[in-house]
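Line order of the protein sequences matches chains F and B.
All residue numbers for the first sequence refer to this note's numbering, where the first residue is 1 and numbers rise by one.
All residue numbers for the second sequence refer to this note's numbering, where the first residue is 1 and numbers rise by one.
Hints in this document: simulated from the structure, not taken from any laboratory.
One should not assume that every hint holds.
[Unchecked claim] Sample of chain B residues with no beta-carbon within 10 Å of chain F, all distances over it, derived:
(1) Pro8
(2) Ile12
(3) Arg22
(4) His29
(5) Glu51
(6) Phe60
(7) Pro61
(8) Phe69
(9) Asn77
(10) Leu82
(11) Ser86
(12) Leu88
[Said to hold, decoys possible] Cβ-to-Cβ under 8 Å is the rule here; a few derived chain B residues that face chain F:
(13) Gly16
(14) His18
(15) Gly42
[Claimed, not checked] When the alpha-carbon atoms are kept at most 30 Å apart in a straight line, the in silico DSBU-like pairs for lysine-lysine are as follows:
(16) B:Lys13 / F:Lys52
(17) F:Lys3 / F:Lys52
(18) F:Lys54 / F:Lys3
(19) F:Lys3 / B:Lys13
(20) F:Lys106 / F:Lys3
(21) F:Lys106 / F:Lys52
Remember, it's a predicted structure, so these values are computed and weren't measured experimentally.
Heads up, the beta-carbon is just placed ideally off N, CA and C, and yes, glycines get one too.
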Amino acid sequence: LAKTTQPISMDSYEGQEVNITCSHNNIATNDYITWYQQFPSQGPRFIIQGYKTKVTNEVASLFIPADRKSSTLSLPRVSLSDTAVYYCLVRGSGGYQKVTFGTGTKLQVIP
Amino acid sequence: DAGVTQSPTHLIKTRGQHVTLRCSPISGHKSVSWYQQVLGQGPQFIFQYYEKEERGRGNFPDRFSARQFPNYSSELNVNALLLGDSALYLCASSLRLADQETQYFGPGTRLLVL
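This is chain B alone, in the form it adopts within the complex (with noise of 0.2 Å):
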């Protein structure tokens, strides 16, 4: 069975552009969360969606947005792109939203911003 998959992998963006980074979970899974880990440090929580709504935000702007489509897969859209949004963007996803459910998470999309 596939897991998580992302894209794209890699992406080069400038101050000020908009990015759209994507996600499909793993088959069966209703629930899709993204994180963003910088270099050096651990994943951080930005959205949690479950059955196509937001159950959960993390402490980032609304520059951060995202959705999920009615095949479970998501977009995560980062608009005025600063320097400090460079990192590894993580999408996870798990079967349900209960609270002991494991999250799976897919390779992740590296944005660098210049």
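Only chain F is shown next, with the shape it has when bound in the complex (with noise of 0.2 Å):
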């Protein structure tokens, strides 16, 4: 199974790009990563997904290098309503079932 690493927590400033990286060393030839945003007491939503190189969509963007070992999501000029719990999964076969979702990475955005 894939082990994820995450940092516990970042702060940044409004309006600045926000970058979160995950590591996943261990990750498998058909594994996925996921990212999703939490906020308190809601039920996680999802973020985006990509299995190599770069994915975007309206809300975020997804960077995994060559090796796929790390993933890097980056929020773009982030705001107040930031604020959140970001998880990184790494699933393959198997699916959902053998994910651990972590502690994810508290996202403190300061006016």
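With the hints as a guide, bring both chains together as one complex.
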């Protein structure tokens, strides 16, 4: 099982770009990398998913280097409402059954 | 389109009691999973159901059980409640069972066991 490691917390000022890096040294060939955002007392919200290189959607970008041993979630111009916990997941064969969310990264956006 | 819905939103029980939590997946989604999230930790996988059959079980005691109905909604049952069962219980649905399928989470049910 691919274990992920993320910083426990990060602070950023409003309007800045935030990059959260996740380490997954044991990622397997068929594993996907998925990021979720969670606000207090709410369910996690899907942000983005990727397998390699770069994926971009309307809210974030995901950068995955060639060796896939890490990934970086990039949030452009964060606002106060982006204050949340961000989880990096690696999952492959067995889907979410073998996923442990971990403790995530607590992002605090400062005015 | 409605997302994943869960009921009730909050629940208070006492030790030894039984609880039933309910989940309605996104329309068209056939897979439902349940997670337990204790304060300060990430969600932990409990069960996954697909087409009314259990397809996966996490490391939880037999006090936890679930089922999925023909309309793909699901119930999570917990018997003989313990104080440690106090948590946010999350339901997630996905279209299929495929490994790369994205799961979409509901708002959760906050259970407090006294």
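Okay, the hints, checked on the actual structure:
no.: 1; hint: Pro8; result: holds (14 Å)
no.: 2; hint: Ile12; result: holds (15 Å)
no.: 3; hint: Arg22; result: holds (15 Å)
no.: 4; hint: His29; result: holds (13 Å)
no.: 5; hint: Glu51; result: holds (15 Å)
no.: 6; hint: Phe60; result: holds (13 Å)
no.: 7; hint: Pro61; result: holds (17 Å)
no.: 8; hint: Phe69; result: holds (21 Å)
no.: 9; hint: Asn77; result: holds (20 Å)
no.: 10; hint: Leu82; result: holds (21 Å)
no.: 11; hint: Ser86; result: holds (13 Å)
no.: 12; hint: Leu88; result: violated (7 Å)
no.: 13; hint: Gly16; result: violated (26 Å)
no.: 14; hint: His18; result: violated (24 Å)
no.: 15; hint: Gly42; result: holds (3 Å)
no.: 16; hint: B:Lys13 / F:Lys52; result: violated (46 Å)
no.: 17; hint: F:Lys3 / F:Lys52; result: holds (18 Å)
no.: 18; hint: F:Lys54 / F:Lys3; result: holds (21 Å)
no.: 19; hint: F:Lys3 / B:Lys13; result: violated (35 Å)
no.: 20; hint: F:Lys106 / F:Lys3; result: holds (18 Å)
no.: 21; hint: F:Lys106 / F:Lys52; result: holds (25 Å)
Violated hints for the displayed structure, listed by number in ascending order: 12, 13, 14, 16, 19.
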